[in-house]
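*Asks:* Spelled out, the chains give:
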Amino acid sequence: MAQSIEKEQSIQQLIEKSRNKKGKKIIEKIMPILLLLAALISVVTTLGIVFTLIFETFEFFRRVSIVEFLFGTEWYPFSSGSPSFGVLPLILGTFKVTLIAIGVAVPIGLSVAIYLSEYASDKTRKIMKPILEVLAGVPTIVYGFFALTFVTPILQTLIPSLKLFNALSPGIVVGIMILPSIISLSEDAMNSVPNAIREGALALGATKLEVSLKVVLPAALSGIVASIVLGISRAIGETMIVSLAGGATPTFDFNITGSIQTMTAYIVQVSSGDAGYGTTIYYSMYAVGFTLFIFTLLMNLVAQYISKRFREEY
Amino acid sequence: MTKYIDDTVVMKRMQSRLRKNKIWKMIFFLATSFALLTLVVLIVRIICQGAGYINWDFFNNFGSRFPEKAGVKAALIGSICMMLVVAPTSIILGVATAIYLEEYAKNNRFNDFIRTNISNLAGVPSIVFGLLGLTIFVRMFGLGKSILAAGLTMSLLILPVIIVAAQEAIRAVPKEQREASYGMGATKWQTITRVVLPSAIPGILTGSILALSRAIGETAPLVVIGIPVIIHFLPTGLLSEFTALPMQIYDWAKRPQEAFQYVAAAGIIVLMIVLVLMNSIAVLIRNKFQKRY
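In order, the protein sequences belong to chains A and B. Every letter in the first sequence is one number past the one before it in UniProt numbering, and letter 72, counting from 1, is 72. Every letter in the second sequence is one number past the one before it in UniProt numbering, and letter 262, counting from 1, is 262.
Here chain A stands alone, though its shape is the one from the complex (with noise of 0.2 Å):
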């Protein structure tokens, strides 16, 4: 009996020390602070990427004229006698690559998406799912590496007159890169579309076919073209690809067929060559990772933009 008052009493003696005990009520307190403070290291990457680029690409353009880098049309910064900074030619060069990028991933991506959302069995969708997620975590380099070795020899013996280094290739492959994101984006889009909307079409007559394209498709667009820009906005960033397999001839023409030069390969051949540090080449890097950073920016804002303010609430 009295060993069970005791052991009573040392419980309540022990709530009582624990309620008293100072680290429980500092570690309460200190704790939100210090995640709040691991929380701002990714506001403050950001500030610092948008200081980097904004104080170098500054450095940058007092020795070479906005005017120049905006509009000029000749990019050749390794000149000797009178280098030139026009950065139009890497903008073209990557515009070339995205297009081609854009016209592989979108039409086969939206194929795949209908299909699996609308035409495939459950099984097969456990299969694919899988596979997508697996072509989705090759490194690029693997993929810059199959565009050079395997894709562009393909390539010349059906266009001849198709260079060792050219834009078609890297696009193509590109393409394949962005299309896992553009499947299970626009697919998690369709299949946030009601059933009973389906089924009333069905019951109407429609088709397979016409449920789709008449029905889920305008549904889920909103979805779909958020995908789509942010596929445009990876190819945009994408490096390995256009380094390897693009080339390194920033040229102001549409040409496809020969070689190129991106803003993300100049970035590259740049570093790798070890331009030294100080020199209008070195800050003509930030400037050009500068336009690519807006570029890709804007693309993400677009995309964000859409797939809040088109979506349709069911």
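Simulated from the structure, these hints should not be mistaken for laboratory data. Note that beta-carbon positions come from the ideal geometry of N, C-alpha and C, so glycine has one too. A couple of the hints might just be wrong.
Claimed, not checked - Distance ranges between label pairs, derived from CB positions: (1) B/F66 with A/I154: 28 to 34 Å; (2) B/Q257 with A/F55: 40 to 46 Å; (3) A/D188 with B/L84: 33 to 39 Å; (4) B/S119 with A/I27: 28 to 34 Å; (5) B/I23 with A/N195: 34 to 40 Å; (6) A/I154 with B/R139: 40 to 46 Å; (7) B/R171 with A/L70: 43 to 49 Å; (8) B/A122 with A/I131: 22 to 28 Å; (9) A/E28 with B/Q177: 17 to 23 Å; (10) B/S64 with A/F61: 40 to 46 Å; (11) B/R255 with A/K129: 34 to 40 Å; (12) B/G185 with A/P194: 40 to 46 Å; (13) B/S64 with A/S192: 50 to 56 Å; (14) A/F78 with B/K20: 27 to 33 Å.
Here the structure of chain A is known, so what remains is to put chain B in place on it, guided by the hints.
*Replies:* Just chain B now, with coordinates in the frame of chain A:
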């Protein structure tokens, strides 16, 4: 009585619509097979090219100007060392951010800003992270082209992915568990460390391993930082110079001699094996521990 609907016309139209449906179904199926086929061709082709070069010497040799003597020793060890920096940094920061956003953050403008910022950061091209790493870590902090500089850059690159994965895992822990814990007198921090995190850890680990496997294969930031390619020693510390697998593959793939194509393919096989191992661990954890509430 006159017939308003001509059955034969209806039948004809119906048949042509059904035929259309069948043809398009075939087209959609072919597109799906194309995606499958690409993966198969990619893998088979690389294995055919590189398998002949995979032997013990390949793992035990450093980079070389001669294709027969080239190996992945420095690159493989370098990649692993870099991941030893990336894994703790990115997982600790990512999980902490996720806990803050899911458990503590109120719905106000400031926290909305953090959320928007994270989703925008996820869309920044990896090469831009390379420029950040070059300016801040390599030059400003004076870390040089070291394991630490590259590891920190990669950590920032995959941070958004880990945050999102951890957020989803934490959100999946049912509210009742938290309430039960509070009901027993636990404080918020106790609830987080002893109830929420243990349930969320499998999800967090799966997401983190997938993110880390992205960091292993990423090349562009390393090129921009200026990681050297041919290195004849193993890294000695965090500030030591090093080379990494994708960097080594990039260098081999670029070389004009045909023999190096095969060496590059062999390097890719090693990289893919590492990725497959990591992904299988992730899938294993997901299947073994994931609870459904």
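*Asks:* Could you run down the list of hints and mark each one as holding or not?
*Replies:* Okay, the hints, checked on the actual structure:
Checked against the hint of 28 to 34 Å, the C-beta distance between B/F66 and A/I154 comes to roughly 29 Å, which is consistent with it. Under the hint 40 to 46 Å, the C-beta atoms of B/Q257 and A/F55, about 41 Å apart, fit the expected range. Between A/D188 and B/L84 the C-beta distance comes to about 35 Å, which sits within the given range of 33 to 39 Å. Taking 28 to 34 Å as the suggested C-beta distance range, the pair B/S119 and A/I27 conforms, at roughly 31 Å.
A C-beta distance of roughly 25 Å is found between B/I23 and A/N195, which places it outside the suggested range of 34 to 40 Å. Distance hint for A/I154 and B/R139: a CB-CB separation of about 43 Å, consistent with the stated range 40 to 46 Å. One distance hint, 43 to 49 Å for the beta-carbon pair B/R171 and A/L70, holds here, with the actual separation near 45 Å. In this structure, B/A122 and A/I131 meet the distance hint of 22 to 28 Å, their C-beta atoms being roughly 24 Å apart.
The hinted range of 17 to 23 Å is satisfied by A/E28 and B/Q177, whose Cβ atoms lie roughly 19 Å apart. Remark: the range hint 40 to 46 Å for B/S64 to A/F61 is upheld by a beta-carbon distance near 43 Å. In this structure the supplied range 34 to 40 Å holds for B/R255 paired with A/K129, their Cβ-Cβ distance being about 38 Å. Roughly 44 Å separates the CB atoms of B/G185 and A/P194, a value that falls within the hinted 40 to 46 Å.
Against the hinted window of 50 to 56 Å, the Cβ-Cβ separation of B/S64 and A/S192 comes to about 54 Å, which satisfies the hint. A beta carbon spacing of about 56 Å between A/F78 and B/K20 contradicts the range 27 to 33 Å that was offered as a hint.
The earlier numbered hints that this structure contradicts are 5, 14.
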